[in-house]
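Engineer: Chain by chain, the residues run as shown.
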Amino acid sequence: MSTPTLEKHSDALDAAESGASHLITVTLRIRRFNSEVSDEANWIDYQLDIDPKERVLDALHKVKWEIDGTLTFRRSCAHGICGSDAMRINGRNRLACKTLIKDINPEKPITVEPIKGLTVLKDLVVDMDPFFQAYRDVMPFLITKGNEPTRERLQSPEDRERFDDTTKCILCAACTSSCPVFWNDGQYFGPAAIVNAHRFIFDSRDEGGEQRLEILNDKDGVWRCRTTFNCTDACPRGIEVTKAIQEVKRALITRRF
Amino acid sequence: MSSTDSVELSASSAAFSPDNPAPVIEPPRARTKRTPRVTRTNFELYGWLFMRLSGIVLVVLVLGHLLIQLVLDGGVTKVGFAFVAGRWASPFWQGWDLIMLWLAMLHGGNGLRTVINDYAERANTRFWLKTLLFTATAFTILLGTLVIFTFDPNIR
Amino acid sequence: MQIHKYDTVIVGAGGAGMRAAIESTKRSRTAVLTKLYPTRSHTGAAQGGMAAALANVEEDNWEWHTFDTIKGGDYLVDQDAAEILAKEAIDAVLDLEKMGLPFNRTPQGTIDQRRFGGHTRNHGEAAVRRSCYASDRTGHMILQTLYQNCVKEGVEFFNEFYVLDLLLAEVDGVQKTAGVVAYELATGEIHVFQAKAVIFASGGTGKFFKVTSNAHTLTGDGQAVAYRRGLPLEDMEFFQFHPTGIWRMGILLTEGARGEGGILRNKDGERFMEKYAPVMKDLASRDVVSRAIYTEIREGRGCGPEGDHVYLDLTHLPPEQLDAKLPDITEFARTYLGIEPYTDPIPIQPTAHYAMGGIPTNVEGEVLSDNTTVVPGLYAAGEVACVSVHGANRLGTNSLLDINVFGRRAGIAAAEYSATTDYVQLPEDPASVVVAQVEGLRNSTGKERVSEIRNALQECMDKNVMVFRTEQTIKEAVEEIAHLRERYKNVSVQDKGKRFNTDLLEAIELGNLLDLAEVMAISALARKESRGGHYREDYPNRDDINFMRHTMAYREVGADGTESIRLDYKPVVQTRYQPMERKY
Amino acid sequence: MPAGTLYRGREGMWSWVAHRVTGVLIFFFLFVHVLDTALVRVSPEDYDKVVATYKQPIVSLLEYGLVAAILFHALNGLRVIAVDFWSKGPKYQKQMLWTVMGVWIVLMLGAIYPVLGHAARVLFGS
Ligand SMILES: Cc1cc2nc3c(=O)[nH]c(=O)nc-3n(C[C@H](O)[C@H](O)[C@H](O)COP(=O)(O)OP(=O)(O)OC[C@H]3O[C@@H](n4cnc5c(N)ncnc54)[C@H](O)[C@@H]3O)c2cc1C
Ligand code: HEM
Ligand code: SF4
Ligand code: F3S
Ligand code: FES
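Chains as they are written, first to last, in our numbering: chain A, 1 to 257; chain X, 1 to 156; chain H, 1 to 584; chain G, 1 to 126.
There's no promise every hint is true.
Straight line, CA to CA, 27 Å or less: simulated DSS-like cross-link-like pairs of lysine-lysine [stated by the list, open to error]: (1) A/LYS53 - H/LYS210; (2) A/LYS102 - H/LYS210; (3) H/LYS475 - A/LYS62; (4) H/LYS475 - H/LYS489.
Pairwise CB distance ranges (calculated) [said to hold, decoys possible]: (5) A/ALA15 - X/ARG52: 40 to 50 Å; (6) A/ASP14 - H/GLY558: 55 to 65 Å; (7) G/LYS88 - X/TRP93: 33 to 43 Å; (8) A/TRP43 - G/VAL17: 23 to 33 Å.
Keep in mind that the hints were calculated from the coordinates and are not lab data.
No experiment lies behind these values; they were computed from the predicted model shown.
The beta-carbon is built from N, C-alpha and C at its ideal position, and this holds for glycine as well.
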C-alpha cells in the first residue's frame, strides 16, 4: 500500500492547510430591492474583512449577520447540492456557496444581483414558481406500462450511463436564468426543464419519452434554443446542458423522419 | 454608493411600508401557471431544420456569388448592366441566382421571425412586425423572381 | 390570518415527508408544508447509499442487517423496530427503483451494492456489500425521485411555510391533534392548518454545532415545537459525529470513500485505524472512528501546522474509480480546498452529523406523549423522530432507509387515521402563541444579535459536548446555554418587514436551537456511561445495568413560569440479541 | 425590468449575438440589393448609375464590412450546424469558434485586395 506524499507536500495541500487565515478587504456590491421601502432596486456597497478562501455565501452571511440584517437571500446546504443560492456574481450565474472569494478577483468590487428573467421579490430572492412550472410541464417522472416486476427493473450499466449526466440536476435555475432566450420571453421552457426531460427520455426503463418529446416540440420548446452555451457555462453541477438539449432535438428529428 | 452602515434603505418617491409594499420587479413577460398549450405542430421543427439545410446550401451559393461579384475578374469594377446581362443569358446562373434568392430570403425571413418572437414584448407588436416581415419578404421574393425570369438583355 | 382544512398535514418535504406524502395523498386530502422548496431539503446531501440486504452481489440477509443495526447502535436500539427496518428495507429500495431512481447497476443489470461502515456478514465476520447507491449522490437521487413522484401524484405543497406551532386540543381528557400554525415567508402572513393528522418530518438539528455537515436550515424546528407543547424528546444526548468532514468546514466526505478503499492516515502516514479496529479498520462504526481520530490528534499525531486534523487518503485509488464512484466528493476537495484528490490526501476532521434522538414514536410512526401513550393523530418520521432504530449510534446508510421505511409507514397510518376520525375543534385563538412570538421579536428593542448568540452557542457545543465529553465540560455547556438563553430574551431583529423576513426566522430558529441544546446537554450530563455517539471520558465504559434505557426529556413549566427539564427513562425493547461488547 | 449589469456570457453567447446581428444585417442588405437589382428590369442606365455608386471608395468599405458579416455568419452558421448534428459538437464548440475566427481572419485578409484594392486605386491613384 502506498504511503501518501507526507514528506513532500504539494503546494496546494500546504496552501489548504495553512491555518493562519489572512484577511483581505473586499467590497461586496449588492443589488438590493425591498418593496416595503422603495419601488426601485439600488446598488449598495459593503466592505468586509474576509479570508479569501471563504465562499461568497460566507460574505453574504457576514453582511447579514454583522452589518445589515435586512439583506435577504436563500441558502441552505452551503456546499452546492441544494440549489438554493443561484445568483449573479460578477455578471455571471453561480452558486454563492460554490464560489470562493479568491476565485473571482477580490481586488475589484464583487457585484451580486438576482438571477435574470424571474420576478424579483426581495433583494436576491426571485419567484421560482414559473421555473418549477416549466419543470412540472415536462412530466418529470418515470412512466411505464404493463405490470410491475416483483424485483427491480433490469438496466445495464451502459444504459444507466446514458443519462447519468442529467440526473445530477439540482434545479437551481442557474441555467434557465442565464439563457438569453429565457430573459426576453419567460415562455421558453428553459434548459433546466429540458435537462429533466432528457433524464427520462434517455432512461431505458421509461416509456413516456414520446409524450415528453411531443411537449418539447412546442413552439416554446427545444427549438427556441440558440445554442448560446450560457447554460452549460453556468451549471454548477457541470452538466453538459447544451449537449443534452441537442440530443433531444436530434431525437425529435430522427423520430420525425 | 452609500456606505456600509446604511441599514435603512433610503425610500424613494412614495412612502412604502410593510403594509403598503411597492409592486415587485417583474420580468417583461412571465411564464404563467398553465398546462402546456396545445399549439404543438411540427412547424418549429421544420423551420429549424430548414435553417440548417438552407444554410449549408447558401454557403456554396452566397460565397460563390461573392467570389464572382467581388473577387474574380477585377471585382466590383466589372459589374454593370452588361455583366449582368451576360450572366443571366445562361440558365445555370439564372437558376443559381433564383435558388439563392429564395433560400436567402426564406432563411433570413424565418431568422427574423425568431428575432421578433424573442424581442417584441406585446402580442400586438409581434403580430404587426411579423405581418410587415411577411409582406416585405414575399414582395422581395416575387420581385426578384420576376426580374430574373423576365430579364430582357435587349432592353436598351 | 388564514385557516386551511386538510385531512393530513405533513411538516417537511425531505425524504421522510415526501415518502409519507406519496402514500397519504393517495388516501386522504394532504398538504405538505415546508420551509424550503422540497428539492432543497437536506436529504439531497446524503451521498453514500441506502442499506438493504438485497444480496445482489454477495450473500446477505435481513437478519444480519438487523444485528448490525443493533450492534451499531450499541444495543440501545429497540430491536422490534430494527427488525422492521431491515425487513422492509428490501421493498423500500425496490419501491424507489420502481419510482425511477437510477441506482448504479451490476453487469447483470441489478442494483449494485457496496460496503459501508458497520455492515457485516454473519454477525460481524467481515464487511458485506449492502449499500445500494447511485454514484455518490444517493440522497440527491432519492430526494429528486420522491419529488418527481409527488409531482406525479399531484401532492399539494406549501413552499416556504415555516411551521412554528403544533395545536393540540383536549377531548375527553385526551390530548388530540388539531393542526399546526405556519408562517408564510413570502408575505409574513400566519396560517392555521386544521388537520386530523399531522406528520412531523422536519429533519435534524445539527446547526447547534459549528463544524457540521448539516445545512443552515437544520435547526430542529419540529423537535422544539413538539417539546414546547409538552411532548418528550428521546435520547437527545446521542449525536453522531461523522469521521470525515472537510477540515474546518464540516462538509461531508462520504463513508463510501472508505468503502471504495480510502484510508485514514495520521501525520506519520500511518494507517492508524488498524490499532483501533483490527477487523473493520477504516470501516468501523462512526463513533469508533471519530474517537480514534481525536485520540490521534490529542496524542500529537494530527496533521497540518496546528496538528488539528488527519488525512483521508484516496491517492492509491485509480482516478477512473474516483471519477466513476466518487465524483462529487472529489469535486468538493477541489472546490473548497483547492487540492487534487488524485495526488493529495484530503484534510478531514469529525463533523457533527446526525441526531439519533428526537420525537419518540412507535413503529407505526405514532408520537408518544410518555413511555407508552400515543397522541392520537400525531406522527413523526425521519431524523426528527426517534423510533429508535439507531439507538446510540446510527449506521451509515440506515437513515436513508429509515426515512423511506418509516416515512411510508407514517404516511399510511396518518391517512388511515384521518379517514376514520373527525376534526378536533381548534383551540380558541389558535395562532396566539405564534403571533406573540413573531410580534415579540419584530418589536423587540433588545440589543442582542442573533448571530452573536448563535456563534457563542456553536463554539460552546463544539468545545464541550462533541466527541469527548466529561461532567465538567457538559456542566460548562449547561451554564453557558442558560446564560445564552437569558441573552436571547433581549434579542432583536433588524428587519421589521413582512416579506421574506429571514432575519426574523433566523431568530426563531435560534430559539429552537437553544432549547434543544439545553435538552441535549442535560440528557448527556445524566448519562454517566459511554455508549455509541455519547462518550464520557469520566465514564469510559458502557453501563448496561444502570443505563440500558432511553432518556425521555420533558419541559416543565413551574407555577411561576420558570422552565426546567425533567428527565425520565424508558426501557429498551430487546427481542433476540443480548448486549455484547462492541468490537470491530 | 431594471437592467442590472450586463450578463457576462462567454464565447458561446457572444458568437450568438454576432450571428444574430450579422443575420439581420444581411437580411436588410439583401432586401435593398434585390430592389436595386430590379432596376435592370426598368432601365439599364439607372442600374449602371446605382452600381457606379457601389464603386465609390466609401461604399467599398461598407462592402468590405458586408463581406465580413456574411463570412462570419456563414462560418459560424457551419459551426452551429456542427453543434447541432455532430454528437461531439457541443464539447468542441469553443475550439470550433476559434477555428471559425481563424478562417474568418484569413479570408478577410485575403479579401482586402480584391474588395478594397479598387477603392485604394481610386483614392490614391495606381
Ligand atoms: C451530508 C450528509 C450525508 C448523509 N449521508 C447519508 C447516507 O449516505 N446514508 C444515509 O442513510 N443517511 C445519510 N445522511 C443522513 C440522512 O440524509 C438524513 O438523516 C435524512 O435525509 C433526513 O431526512 P428527513 O426527511 O428527516 O429530513 P430533511 O431531508 O432534512 O428534510 C427536512 C424537511 O423539513 C422541512 N422543515 C424543517 N423545519 C420546518 C419547519 N419549521 N416548517 C416547515 N418545514 C420544515 C424542510 O424544509 C425540509 O423539507 C446524511 C446526512 C448528511 C447531512
Ligand atoms: C451563407 C451561409 C449561411 C449559413 C451557413 C447560415 C446559417 C445559419 C444558421 C445555422 C442559422 C440558425 C442559427 C440558430 O438557430 O441559432 C442562421 C440564422 C439566421 N440567418 Fe443565416 N446563414 C447563412 C446565410 C444567411 C443569409 C444570406 C441571411 C440573410 C438573408 C441570413 C440571415 C439569418 C438570420 C436573420 C438568422 C436568425 C438569427 C437568429 O435567430 O439569431 N443567413 N443562419
Ligand atoms: S441543469 Fe445545472 S444549472 Fe440547470 S438547474 Fe440543473 S443543476 Fe442548475
Ligand atoms: S443558454 Fe439558452 S439558448 Fe440554448 S444553449 Fe442554453 S438553452
Ligand atoms: S446553499 Fe445549497 S446550493 Fe448553495
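Engineer: For each hint, tell me whether it holds in the structure or not.
Structural biologist: These are the hints, each one checked on the structure:
About 18 Å separates the Cα atoms of A/LYS53 and H/LYS210, which keeps this hinted pair within 27 Å; it holds. Of the supplied pair hints, the one linking A/LYS102 and H/LYS210 holds, its CA atoms being roughly 23 Å apart against a limit of 27 Å. At roughly 31 Å between alpha-carbon atoms, H/LYS475 and A/LYS62 are farther apart than 27 Å, so this suggested pair is violated. For the hint linking H/LYS475 to H/LYS489, the alpha-carbon distance of about 22 Å falls within 27 Å, and the restraint holds.
A hinted range of 40 to 50 Å holds for the C-beta pair A/ALA15 and X/ARG52, which are about 48 Å apart. Against the hinted window of 55 to 65 Å, the Cβ-Cβ separation of A/ASP14 and H/GLY558 comes to about 57 Å, which satisfies the hint. Taken as a hint, the range 33 to 43 Å holds for the pair G/LYS88 and X/TRP93, whose Cβ atoms sit roughly 39 Å apart. In this structure, A/TRP43 and G/VAL17 meet the distance hint of 23 to 33 Å, their C-beta atoms being roughly 25 Å apart.
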